[in-house]
Amino acid sequence: MTNDPDTEIRARKRLLLTITGGGHKFQAVSLASQLVDAHDLIVVTTAKWNVEKEAQKLDAPVFEVPPINTFSHRNPAATAWRFLRALKAARSIITETKPDAVIAVGTNIGIPLFVWGRLRGIPCIFIESITRVEHWSTTLRLAVALRLCDRYFIQWPELADPARRLEFEGTVL
Amino acid sequence: MILVTVGTTLPFDDLTREVDRLAGNDFFREQVVFQIGHGTYEPQHGEFFKFRPNLDGLIEEASFVIGHGGTGTVLHLMKSHKAFLCVANPAGADDHQSEFLEVLERKCGIVWTQDVRRISELYERARRRPYTPLEMPRLAEAISRYLNEV
Chain A
-3 MTNDPDTEIR
7 ARKRLLLTIT
17 GGGHKFQAVS
27 LASQLVDAHD
37 LIVVTTAKWN
47 VEKEAQKLDA
57 PVFEVPPINT
67 FSHRNPAATA
77 WRFLRALKAA
87 RSIITETKPD
97 AVIAVGTNIG
107 IPLFVWGRLR
117 GIPCIFIESI
127 TRVEHWSTTL
137 RLAVALRLCD
147 RYFIQWPELA
157 DPARRLEFEG
167 TVL
Chain B
1132 MILVTVGTTL
1142 PFDDLTREVD
1152 RLAGNDFFRE
1162 QVVFQIGHGT
1172 YEPQHGEFFK
1182 FRPNLDGLIE
1192 EASFVIGHGG
1202 TGTVLHLMKS
1212 HKAFLCVANP
1222 AGADDHQSEF
1232 LEVLERKCGI
1242 VWTQDVRRIS
1252 ELYERARRRP
1262 YTPLEMPRLA
1272 EAISRYLNEV
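Chains A and B supply the protein sequences, listed in that same order. Sequential numbering of the first sequence, starting at -3, is according to this note's numbering. Sequential numbering of the second sequence, starting at 1132, is according to this note's numbering.
Don't read these hints as lab results, they were simulated from the structure. Everything numeric in this text was worked out from a predicted model, so none of it was measured. Check before you lean on any hint, since a few could be wrong.
Simulated restraints, written as ranges between beta carbons of each label pair [said to hold, decoys possible]:
id, chain 1, residue 1, chain 2, residue 2, range
1, B, G1240, A, L142, 37 to 43 angstroms
2, A, A34, B, E1233, 45 to 51 angstroms
3, A, T91, B, E1191, 41 to 47 angstroms
We treat Cβ as the ideally placed atom computed from N, Cα and C, and that holds for glycine.
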């Protein structure tokens, strides 16, 4: 093990991690708690109030991106408009925080973050929700189709597909 | 104390109403506390509230939880090793949520249903906490390895 402080600093990465609501939140917080000792976390969410307590425990700054769609806003025009707003917010966040990697757990706000991450040469990781047992989410389909990420992890071995770069390496729990 | 939680996204009055009915018949023989979320039905046989910042304290205090099929709720209860029964909300239980509950039933033995009328039938079995933890490798290790390479 080296005592070179530069090596130690490089080993500790700045990770931009999405923590949104519901089941995605539980999974993301679980993952965050396992990464926080070795890395510095930056939280991106759709509702700051919903993650304040968790972000404080993680000692992580919180940034907000407008939600892209919700149960009450599922019409294509509204979704497109919200996506553009999210894209704009994501650009500001990536520019300001300069992360070493972008990680999204299940949530579609990963897409605008990945777009800017990809354009800036930042490694991007998408983790499919643990609830996806037999079928891909739309977010995963989009990320794979647009080749946005460097790694795609699914949380059930049954979904692993090396040909499509879907890897199973465990769960976030 | 029995805790009933319907989550924060969708109403689930059918669940609240059925548990309230059972509580009125003294089925549980314990106090029942209801988190009714966006629901409009107000229980007659237990304390209730719509939302709280978090339910950790109530979950810890509860001897049993009856929850909707929300992933966060289910995973939290499993991690807490709490005795629970899940009732999938038909309004929100799209295919992938029910698939997930089916897999957890198969791999871990959780007790769940899509029919609120089965609560009384499944309660005793769920009370015994028949499920086992979900044993899988930790993805965080693979992510850290990858981050060390880039």
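Inset, instruction - May I ask which of the numbered hints given earlier this structure violates, with the numbers listed in increasing order? - result: 2
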